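Chains as they are written, first to last, in my numbering: chain A, 5 to 435; chain B, 5 to 435.
No lab work stands behind these hints: they were computed from the structure. Just so we're clear, the structure is a prediction, and the values are computed from it rather than from any experiment. Be aware that one or more of the hints could be misleading.
Since the list can't tell identical chains apart, any single copy or any two copies may satisfy a pair.
[Unchecked claim] Simulated pairs of lysine-lysine, DSSO-like, Cα-Cα distance not exceeding 30 angstroms: (1) 402 with 299; (2) 53 with 318; (3) 192 with 299; (4) 299 with 82; (5) 402 with 82; (6) 192 with 82; (7) 290 with 402; (8) 192 with 318.
Protein chains: 2
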Amino acid sequence: MTNDPYLIISADTHAGLPTEQYRPYLDPAQHEAFDAFLAQQTAIADARKQLGLQNEEFAGAWFEEHEEELRAGWDAAKRDGELDKDGVVGEVIFPDADAVAGSTAAPFGAGLGMVGAEYEPELALAGARAHNRWLAGLCQDSPARRRGVIVAPIVGNVPGAVTEIRRAHADGLRGGVMIPSMWGEGEKPYHDQAYDPVWAVCEELGLPAHTHVGAAPRQELGTHLGLYVTEVVWWSARPLWFLIWTGVFERFPGLRFGVTEAGAWWAGSLLWQMDVAYDREHGTQKLASFGEHMKRRPSEYFDAHCFIGMSTPKRRELSQRYEIGVGNLLWGNDFPHPEGTWPHTRDWLAHAFADIPVDEARAMLGLTAAQTYGFDTAGLRPLADRIGPTPQDLGQDKADTSIWNAARETGRHWLTGPDVPAVVGAARRAR
Amino acid sequence: MTNDPYLIISADTHAGLPTEQYRPYLDPAQHEAFDAFLAQQTAIADARKQLGLQNEEFAGAWFEEHEEELRAGWDAAKRDGELDKDGVVGEVIFPDADAVAGSTAAPFGAGLGMVGAEYEPELALAGARAHNRWLAGLCQDSPARRRGVIVAPIVGNVPGAVTEIRRAHADGLRGGVMIPSMWGEGEKPYHDQAYDPVWAVCEELGLPAHTHVGAAPRQELGTHLGLYVTEVVWWSARPLWFLIWTGVFERFPGLRFGVTEAGAWWAGSLLWQMDVAYDREHGTQKLASFGEHMKRRPSEYFDAHCFIGMSTPKRRELSQRYEIGVGNLLWGNDFPHPEGTWPHTRDWLAHAFADIPVDEARAMLGLTAAQTYGFDTAGLRPLADRIGPTPQDLGQDKADTSIWNAARETGRHWLTGPDVPAVVGAARRAR
């Protein structure tokens, strides 16, 4: 085990201007609509509170304690300093810096909560363009460390979204593309080939497409916070199996797709469920074909094209990494959101990764993200050497990593043959 | 370990008449509408085929090989004989005997695939009444062994459904109530108190409410079989968390709710996810209250009120039984569906349960179902002694059940404190 400091990249951070400051980034033609949008902000904030998305007491303490650092959510000059505290050398930047009060929402709802059927396509695109323009500037301030994600409301206006993706890419954004996780009632689902121009431009420009957690069918869930918390992950991940099952990765072999901040705990079971169905196990023998276009197992498309921005993984999720694929999991600190690990990332890493093999930790904490988003690891190495925690800092020098042997050797038990890891591991104990 | 034969109850079987034979069970007022419905059957069958729900080759072989036994799907005289072959002494009977060609659909779509928004409430209720009437007769033919599930299209006509539940219960049906798993676009979700009369009558009459796998948003999924197979479980299980999070079990403390034939592989992660959110772990501290009505952890409501008719469990699912709760899992052979284990249940049980502790197997294979649906175990014991497999028949006398110790002692790791079972078990190995 080498004790070199980790080169840590957060595959999930957030940046956004206080909403009213987006005005100069909007085309003058939208200023009037923007005034109307600003006038609704109180109502939108009230809806958030009604659903229970805002705990007043927590919000008060949070903003009081972090008032200054939180400006790093939009202040280019402060941003790297906050990441340095966390030992993070690079970041992939999604919208909505303020996930507590929603005060940094991009114009016209262009952000994490986008639902295709619920926005006016032209306005959403204008709002996304404003955010993308601003974000390009933020990234140019520290180009080696920042990858900005292009916000692209593709539902309702594919050509316009494709044009904006090209424009934003030309403007320097290299963090990939974020599409709405929900198309919404009555809109074309992502299996529709009407979206092919989106997949095509992402493939052509080498931009991974993403969904990011946030949207859910609010009307249907009412004000029941528990329903929102339970379902939001599913609605965010849903496009993943739409792309896998409907031939998108066959038509666009260079396309990559990631699901960010929706956890990873569901992915192992999803791959198991899709693979055993595809392999015509007993329960699916009665069914017909999954389609000419399905030339490989779902998990093979997943390995070749998909990744999970798991952000701040829990032990339960890390324990499933051999089923999901260690190389398919990207860590993130969710800066500057309170549900993330900033500004205590070093402690969190020591807790979650202490007994994880170092080579696996290096991949999940940064190296896979570097490949996915094109960070220059050689260029970032000196900074990593200065601010990155070492395996020893995470307690990994004292760890017995053999506890993972059964799970690692079994991998995807439905493909490797042996029984579930619990039993395989126990059998080895017995030997 | 006593070697007494197992008392096996299938918590998931199916019965239904060839559709046209439901005519005498319909009120004459619906005969004209029924003729129109019959005329659409070819179109409905074509839609099934287009989605890929029917593999012609498989269907041909299936019907040829089992032509005679499949009549037990509606022929009362043949039914017990088929269950005897499987070693099954009792059954909980859902609709739709033919899951291959759909030839036994109850009138007006009253069956497994019901989606509230897609049926005409009065007709769906009439179809359900016809099926329930016929099913009562089937159950009266062998009352000790049969529990018929009341089909109740509650979406769109709560009072009518409540009346039908009372009528069918008075008519002798004791297998609980099956509601549509999907209310559908624009209809009231199950958190709406408009459904309280349904929960009230189920509580009053001691009838567990169920969803059964089958429905999915077909329009949205198009003809992509993979999407249907991947999502149908989620849509079937969805009402479970709607009831848990929105206070239904607080308002109706005697209500029981089950999810049948939707697998069990998702339940452990669901409970983990809901509990950690409820316990305000780091990621949910920023959120407000889950509601005055949430007096207990989601998993406590689950243990007290819910169960999973897991039907034919895979090893992966059985390995998660200590998180889900051994006492919350009911086995079923899905007779006479080809994705079930009939007519080879004895072999299947030997494969899946060989290393499961006998007392746990007895609970999952019959005793929990006996309690849930009020079977007379003493009365069924002589039959069980005659046809039931013994633990020895399943190879359990040779099994080392200690392989499960770590998982059993850990239970729900998020409540019991220790780390995930993989690590806990390994740590014990190291000691």
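Checked hints:
For the identical chains of this complex, residue 402 and residue 299 are neighbours neither inside a copy (45 angstroms) nor across copies (42 angstroms), given an alpha-carbon limit of 30 angstroms. Taking identical chains as interchangeable, the C-alpha atoms of residue 53 and residue 318 lie at most 30 angstroms apart only when both belong to the same chain, with a minimum of 27 angstroms there against 43 angstroms between chains. In this homomeric assembly, residue 192 and residue 299 come within 30 angstroms of each other (Cα to Cα) only inside a single copy, at 25 angstroms, whereas the closest approach across copies is 41 angstroms. Taking CA atoms no more than 30 angstroms apart as the test, residue 299 paired with residue 82 passes in neither setting, with 49 angstroms inside one copy and 43 angstroms between copies.
In the homo-oligomer, the alpha carbons of residue 402 and residue 82 never lie at most 30 angstroms apart, since the shortest distance is 36 angstroms inside one protomer and 66 angstroms across protomers. Taking identical chains as interchangeable, the C-alpha atoms of residue 192 and residue 82 are never at most 30 angstroms apart, the minima being 41 angstroms within one chain and 48 angstroms between chains. Within a single copy, residue 290 and residue 402 get their C-alpha atoms no closer than 52 angstroms, and across copies no closer than 35 angstroms, so neither meets the 30 angstroms cut-off. Taking the shortest alpha-carbon separations for residue 192 and residue 318, neither the intra-copy value of 35 angstroms nor the inter-copy value of 35 angstroms comes in at or below 30 angstroms.
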